[in-house]
Structures are given as C-alpha cells and as structure tokens.
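Spelled out, the chains give:
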Amino acid sequence: MSRKSKKMNYFLELALEAQLKEDKETNYYKSDEDIAELHCFSLDHENRMQMIVKLAKKRESHAKRKKAVLRVAVSIAVLLLVTSASIASVEAFRIPFLNLLFEVKEKSSIFGVTNDMNSKLTKKLTDYEPTYVPEAFAIDFVKELDDGYMIQYLNEEMGQWYLVTFKKEATLVSLDTEDGIVDDFVLGDRQFVKIVKGDDLRIIMYWKENQYELVGNISFDIAMAILKSID
Amino acid sequence: MIIIYTAMIDSPEELSKFELLYANYKNTMFSVAFDLTKNNHTAEDIVQISLIKLIDILYKIEYTDIKKQKCKNLLITITKNTAIDVIRKESKIIPFEAIDPADSPTMSSAEDCYFESSDYNDLIKCIDKLDDIYRDVLRLRILHHLTAIETAKILNTKVCTINMRYKRAKAKLSNLVKENRNV
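Protein sequences appear in the order of chains V and F.
Counted from 1, the first sequence has number 189 at position 190 by numbering that gives the first Met the number 0; the numbering is strictly sequential.
Counted from 1, the second sequence has number 121 at position 122 by numbering that gives the first Met the number 0; the numbering is strictly sequential.
Bound conformation, chain V alone:
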C-alpha cells in the first residue's frame, strides 16, 4: 500500500468513525443499558450460549497463550541484549566476565586443551607419539628432527614438565648417572633404563629398534603410563 493510499485510508477511517455518530441505523438500535424493555431469552438460547462462550474463551485463551509466549521471547531477547550491552560497556562487569571465560577455556576439555594436545607432527612421526597426556599438561614446544622428534609438555600450575625424545634408530646414549639411582628392567618386548637424580627422572625405552627417552620432574608411574601409551 502506497503512502498516499495509507494516508487516504486513515482519513477515511476518521470520517467513518465520525459518521457513525450520525448514522441512523446505529443510533436507532440502542445498547442494552439504554433499552427499557429487555428481551427475555429462551432457556434453549441460554444453554447454547454457554457452549458458544466456552468456545470463545478457548479461542481467547489460545490467542492469549500465543501472545504470552511471544512476550516472554521478546523479554528474554531484551534481557540478553541489555546484559550483553552492560558487560561490554561497563569495565566492572567486563573484566570479571572475560576472566571467567579465560578460566573456563583453561579448564575445559572442549576449549583449548584439545588444541594444546595437537603436536602437529608430520604424519610419518605421529605413530610414535605418546597417546596419553596427563591431566593439566599441555604441549610447550615441538621440534622435528631428521630421524625423530622432541616434545616438551608443561603443567604450569604445578610447575611440572617432561620432555619426550624419539629416535628411529637406537644409539648409544651417554648416561650421566653420577649421584643417581640406575635401574634397568624389561616389560614385554620393551627394555627400560631408569635413572633418578634428585627430583628429576629419566627413562629410556628401547622398542622395535627405536629409542624413546623421557626426562622430567614427574612421578615414575605417570612416566611409565606415558611411555606405554606409545604403540
């Protein structure tokens, strides 16, 4: 509908309403409160009217429910908008909210951790990577070598770390065993050398002509779980 047409309809609406005041038919019939002798409706009519009123109420309540749902939806949308606007504009809200988000990101298994667990090693090396990473540890750095890799994991909160080194062909390693406790043992087809020096632990694993080395300040059990997770 054009603007001109809308304007004309509005003008016509006003005229139609004004004309009603002088309308013979509308004035001829009085409203119930102005009628002196009211008609006495039959019992049959009153009974049918009860049904019609029920029908009308049902329709009205349905429309009302629809209206209420719409109102609630609009209210929620407004509430969300106001809250977002407050958080974004008021520093007192914004900083704690952002902190909360970062905290969630650090702790969540959905946010962040999965990304940190991705070493991005080339495909030929991923088969030699440990599949188990202890809780709260994240990759600190990754370095690919000609015949292996080095991955360092870090638990910043606890100040713990460990470095896993892999070499495709086992070589002789000079072991600094001074003041350390050395132990070697075999588990299945894997051969281990364990060196404990103060808080530091070093385990070398020989398996399928490959050499894996784990150095760090984590417990022996966890270190073994990490090495065993290499398939």
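Quick list of in silico lysine-lysine cross-link-like pairs, DSSO-like style, CA-CA up to 27 Å:
#  : chain 1 : residue 1 : chain 2 : residue 2
1  : F       : Lys-124   : V       : Lys-20
2  : V       : Lys-53    : V       : Lys-63
3  : F       : Lys-59    : F       : Lys-152
4  : F       : Lys-69    : F       : Lys-166
5  : V       : Lys-29    : F       : Lys-37
6  : V       : Lys-227   : V       : Lys-207
7  : V       : Lys-167   : V       : Lys-193
8  : F       : Lys-52    : V       : Lys-66
9  : F       : Lys-66    : V       : Lys-56
10 : V       : Lys-3     : F       : Lys-124
11 : V       : Lys-29    : F       : Lys-67
12 : V       : Lys-3     : F       : Lys-128
13 : F       : Lys-66    : F       : Lys-124
14 : F       : Lys-59    : V       : Lys-56
15 : F       : Lys-16    : F       : Lys-52
16 : F       : Lys-69    : V       : Lys-3
17 : F       : Lys-124   : F       : Lys-67
18 : F       : Lys-25    : V       : Lys-56
19 : F       : Lys-66    : V       : Lys-57
20 : V       : Lys-5     : F       : Lys-166
21 : F       : Lys-177   : F       : Lys-166
22 : F       : Lys-88    : F       : Lys-152
23 : V       : Lys-142   : V       : Lys-119
24 : V       : Lys-6     : F       : Lys-59
25 : V       : Lys-142   : V       : Lys-193
In case anyone wonders, no lab produced these hints; they're calculated from the structure.
Knowing the structure of chain V, use the given hints to seat chain F on it.
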C-alpha cells in the same frame, strides 16, 4: 525475572472480552434480528450465529472499544447480514449478489481516490449517502481493520465480491465528494 513474569500475566479484563460484548449488546443484536425476521426464535438463532462469527474477529476488537459506537455498529452489521442470509435461505429470494449494481459509475482505481482535509465534513455526509453494501464493506475493511476474507465471512459473500465492492465503494465516495464540491 520480573520482566518475564509480568510478560506472562494478562489483564483479567481480556478474559471476558466476549462475555462483555454479549452482555452489552445481546438485546441490540436481538432487536436487529427481530426487526428483519419478526420471529423470536429465528432472531435468537441469528444472535447465536452472529456471535460465532464474532469469535473469529475477537482479536481485532480492543477492550477499550467495547462500549464505543464503532463496536456497536460492528455487531449490528454482523447481525443484520446474518439475518439477511438466513431470510434469503428460508425464502429462497434472489441472491444478494444479483442486486449488487454492477454498472457502477466511473470505475476509477482506489489509488486515484483522494480526499483532501477540506472535504472532511462533506465526506461524512457522502458516507451517509452510500448504499449499505458499500458502507458496510468500507466500515469492516477500514474502520474495523478486517481482511477481505474476514469481511467476506461476515457479509456471507465471496472474497472477490468484497474486493470489488471495496474498490467501487471508494470510487463512488470519491465521485460523491467531487459532485458535492461542484454543487
């Protein structure tokens, strides 16, 4: 929470919109129906049918308008047309559409009609001069904001007839205003 809670609460007035309409105009409606049928029983039936028709357009009626002239007129229009329809069916009179004058004067488009504010009083007089069938369509469509389908249901006719009458009503009114101005 308060906003959501208040959004869910409706005014208790709205619950009884239909009952209020019935309480205010049941005798008015009966009078209209009785004047046309001269029969108590048929008039009561017509009131019931008219009220059933009213349910469909209840959402267009504001609570504040219930006691206004325009609401009274709406109920009179519904009842009158229901009564005409009932009489037509009972006596098998020539259909209402047949007496609808097809040869309307200058069939100018509704868009061409324009009433200037200076014509306002003339316009009111011209509305009064319009035939009932045109005046009813104009009132239902423009004053009560009903759709063509809703208007067709109330006037017991086809939607295309309503659209045609609506255009003709505007054209006729425009011509009447022009004639009035020239006199």
